[in-house]
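Undergrad: These are the residues of each chain, in order.
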Amino acid sequence: MDPESQADQRLIDGVLARDSQALDDLYQRYGRPVYSLIYRILNDRGIAEDVTQEVFLKLWRQPESFNAARGSLGSWLLSVAHNRAIDQVRRRRVREELPLPELRDSEEIVADGLADPADLAGSSEEAAAVRRALEQIPSAQRQAIEMAFFQGKTHVEISAELGEPLGTAKTRIRLGMRKLRVLLEAEGVVTQAR
Amino acid sequence: MNCADAQALIDLYALDALPPDVADDVEAHIETCANCGPEFAAATRLVHLMDEAVPQIAPPPELRARIIAAAEADANSPRPILTVLPRWPATETHQGLLDRWLGWLRAPQFAAGAAVLPLLISAALAWQVISLNQQVGTMRTELASSYAHAQLAADVMARAMRGGAMVRIDGTDMAPRASGTLYYVPSESNMVLVAEGLPEQPTGVAYQLWLMSGDQRMNGGMLYYRAADGHCMAVASAPMPLSSVDAVGVTLEPSSGSVEPSGQRYLWTRLTRA
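Residue numbers (the working numbering), protein chains in the order written: chain F, 1 to 194; chain Z, 1 to 274.
Bear in mind the hints are in silico, worked out from the structure with no lab data behind them.
Just so you know, these numbers come straight off a predicted model, no measurement behind them.
Check the hints yourself; a few may be wrong.
[To be verified] Here are the computed lysine to any residue pairs in the SDA-like style, where the Cα-Cα straight-line distance is at most 20 Å:
1. F:Lys58 / Z:Ala73
2. F:Lys58 / Z:Met157
3. F:Lys58 / Z:Asp74
4. F:Lys58 / Z:Ala158
5. F:Lys58 / F:Leu16
6. F:Lys179 / Z:Arg45
7. F:Lys58 / Z:Ala154
8. F:Lys179 / Z:Ala4
9. F:Lys58 / Z:Arg66
[Stated by the list, open to error] If you want the ones that stay clear, here's a sample from chain F, every Cβ over 12 Å from chain Z, calculated:
10. Ala68
11. Ala140
12. Glu164
Where is the CB? At the ideal position from N, CA and C, for every residue including glycine.
The following block holds chain F by itself, in its conformation from the complex:
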């Protein structure tokens, strides 16, 4: 186990022992990426705060839900954050209470003064590589992937919204994801599946 995972495990042990300082330390470590992802999906600061709170309270109430054998704590928290935020988007879409957030470029978020330009592509080299790769894939493929990833739409909904055949939407997502993977393999960020 690497030092980072060991530190995470100590904090999880603290949460299991109902030590709120451990949760505080976990929030200090992961609060920013969790909030950033939720805000990027929801584009609403108030709801993003509520959902961020839900994510950390889920960890507090059910720390046993995290299984270190299946990945890092950071990935798990972001995955929970993503799912909760997309649930909100889907609920909002059904109730038609609020307009769906527009897909916004990172530059627009920076222009709003919310993000530090130095952090535009996330804090790690890996994140920067992902953003570079996303910029390199054809825009139609990127659009289809972002509609699924940030708006929680199925390929059926994407094809209906873009007025394209179902197979086209499916192929765009698949080819875009494959292309992303090839680009990231070339940068050494991910390894080949086999």
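Position chain Z against the provided structure of chain F, taking the given hints into account.
TA: Then chain Z, alone, in the frame of chain F:
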């Protein structure tokens, strides 16, 4: 589904971009296929990287204190339990038997049998213990059933949100402030109703859910109604795919339930028949 079919859909599955029925097929294949496992792990890794690649924004400083305060308040309160509790199991039979034992104890033929008394008391106590154990067993079974019910509701709602149907249901003139949402997958038979704003149920009557298909009126069960805030919920299972159902309604019926809708409508909506 074979490996070629699954691998054509694995990226969409990792992105949660498949309708629920297709996603279930892919999931079932991945769980049992050694070939597709690494492919799915790679797609999932890519999605995790995308999660990490969004522009980083500092959360408001007060959020940290809010979360820690909520966690500490949570730690000081008892663990939540299921609020949808089953009706307490009937105990008339056990109580009746105990009364009979005590009746025998008071009978003249036992009046002189003082030596038998401790034995009878022990037997009565033993019976009470057995009876209580049976009650606990029944409660466990019913709690497990409630839990399964809650899990079913959560599953139906998740599937509905992942590409199924979520349809608004409105209050009628009897409940103009009531509204709710129906969650279901049209090709399946389970439906969840979550509603609010229904007036308090008078004693002896309760809200009942109905699913209509042509001339058929199908009982969707009684609503779980929380008087404190008027929130209510029901999980219904139709004997047919819900794509065949063309309307859903809630009426006020005798609390034991009705075979056919007989009371006033409180919630009503038409569904688009597939």
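Undergrad: Now tell me, hint by hint, if it's right for this structure.
TA: Checked hints:
| no. | hint | result |
| --- | --- | --- |
| 1 | F:Lys58 / Z:Ala73 | 14 Å, holds |
| 2 | F:Lys58 / Z:Met157 | 19 Å, holds |
| 3 | F:Lys58 / Z:Asp74 | 11 Å, holds |
| 4 | F:Lys58 / Z:Ala158 | 17 Å, holds |
| 5 | F:Lys58 / F:Leu16 | 12 Å, holds |
| 6 | F:Lys179 / Z:Arg45 | 14 Å, holds |
| 7 | F:Lys58 / Z:Ala154 | 16 Å, holds |
| 8 | F:Lys179 / Z:Ala4 | 19 Å, holds |
| 9 | F:Lys58 / Z:Arg66 | 15 Å, holds |
| 10 | Ala68 | 15 Å, holds |
| 11 | Ala140 | 15 Å, holds |
| 12 | Glu164 | 14 Å, holds |
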